Amino acid sequence: MEATVSMAKRISPFLLVIVMITLVLSLASIYEGIDAYSKNDSVNGNLFLTMGVTTLIISTYLWFQTRKRMLKLGIAMPSINTTLECAKCGFKNVREFQRGDYVFKHTEDPCPKCNEKTMSIGAIFREVKEKERAREVGYA
Amino acid sequence: MMLTTQQVSQLVGQDNFLSWVLQIVFLGIFVVFMFYGQRIQMYIMIREVEGSLFKLKMMRDEGRKVAINAINEIGKPQVDPTAQVDRFLEYFAITPVDLDPAGIIWRLEHLLDVADTRFKEDVRLMAPQADETQINNLELTLEVALILNDIYKVIRHFYLLGKKTLSLYVIMQVQMILPLIMKEAEAHASALKAVQLGQPIGDGAGALVAAKLMHDYEKTKIEKDCVVAKVPIEGRTAYVLKAEGPGGNVGKPGEAIKQVIEQSEGKISLAIVIDAAGKLEGEKTGEVAEGLGVAIGGPQVDKYKVEETALKYKVPVNAIAIKEDVGDVVSPMRKEIFDAADGVIERIKRLIRERTKEGDFVIIAGIGNSIGIGQ
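Top line first, the protein sequences correspond to chains D and P.
Anchor point for the first sequence: position 98 equals 98 in this note's numbering, and the numbering is continuous, going up by one each time.
One gets this note's numbering by counting positions in the second sequence from 1 and adding 1000 to each.
Bear in mind the hints are in silico, worked out from the structure with no lab data behind them.
These figures come from a predicted structure and were not determined experimentally.
It is possible that part of the hints are untrue.
Distance condition first, Cα-Cα at most 30 angstroms in a straight line; then the derived DSS-like pairs of lysine-lysine [what the hints assert, rightly or not]:
{"#": "1", "chain 1": "P", "residue 1": "Lys1076", "chain 2": "P", "residue 2": "Lys1057"}
{"#": "2", "chain 1": "P", "residue 1": "Lys1230", "chain 2": "D", "residue 2": "Lys92"}
{"#": "3", "chain 1": "D", "residue 1": "Lys105", "chain 2": "P", "residue 2": "Lys1153"}
{"#": "4", "chain 1": "P", "residue 1": "Lys1267", "chain 2": "P", "residue 2": "Lys1279"}
{"#": "5", "chain 1": "D", "residue 1": "Lys131", "chain 2": "P", "residue 2": "Lys1230"}
{"#": "6", "chain 1": "P", "residue 1": "Lys1224", "chain 2": "P", "residue 2": "Lys1163"}
{"#": "7", "chain 1": "P", "residue 1": "Lys1224", "chain 2": "P", "residue 2": "Lys1303"}
{"#": "8", "chain 1": "P", "residue 1": "Lys1163", "chain 2": "D", "residue 2": "Lys117"}
Please model the entire structure based on the sequences and the hints provided.
As structure tokens, then:
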């Protein structure tokens, strides 16, 4: 099954301008701070460096937010598994879901272990990654 | 009055050109935020809603596309079904008058019956070659597309209203609940393929438990779109019922339970209703909980019928809930939910042993959508 993914091609020009302004301001402020230190003016040096680093962090954060939002656009289709069970020997086989599968359906797939002519569908499910599962329960 | 460079330098207390430019810019930003802070906040919120709206539009379009493709592929219609699908996506139902609540349940039931019949008839017209199971699945696909269309239109309404009025409060109310709306929309979007292909969904947890119990026993059809089987469990006789699968169908379990109780003249020692239930954050998906009462969601008609009949015949009703996230309800069934079914069966057996005597009759109703679940 294919995932339907469509990326947003348009980044807000408003946000882009803000990011650029804050970036320029932060670099100028850092330069000014270094310049002030070189002239032994630690008061202004501290002030400009603090302002510069803060705005640099803000502009980087804004930029990453834009990227994150772009990456999130899209409908992810999870992969679905079907478990086939042999009624005779109990052998279980997991394969990808196929159209027409349903729980308790008797398929024409023969059992690879005992060669029984049919196997029945015992389960159809999707598995969630461990990371996502851990996030669900939070701190517990 | 024009200020000279020297005067500006004295004002901002710097002797360097770049320094006072920076000082003025930062002071300017401070002043702008002081006077236009709320407006800037509102524009940020509008941008956020706009981003989500873009995503919702994409989901809505995807839903429409999936529905049209499925109808063309399965139903093999003579004419292009696009116009019919577009008409379907704009359907609405008006809820009955609740100013005088007497008899509202029956009026609501009638409305739901009419809607169900109308939907099925429309799908049959759109997809003449589809069989009954495929009709149910196509109907469900169209319903999911309809929900995505509704969500998109409501959010678009608030977004445009917020932009038009520039009211922080209009845009704020939608921005605040947006994460929950997006979660639901994403779940429905991922359900599109699942229902089109006939995969079991999280809502079918109750139906799965009933299917596991009634498998290998003789089944009979019961009103409406439900099946019932007589299953011996722990020396008792259980009437196990669920919506008929594997097509997408919830049936009318309330009516089915009522009929079983009335047919057995109320000689039912215990009724157990199993359904998927919304979990709280922090709870694990697939967790099982026991309780009392009728665990049937939806428009309450079925719940009302079971409560009425249980009261009339003094049948104790127990509930077993399989916990899952709101996003899992319409998404393809998770492994944890599937695995929980065996644990639920053990609980049912224990409940029967503890609450009834040998030879008694019990009802076990598996509630939920039977899509992808046979019996």
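Q. Are there hints from earlier that the structure breaks, and if so, what are their numbers?
A. Per hint list: 3, 4, 5, 6 and 8 violated.
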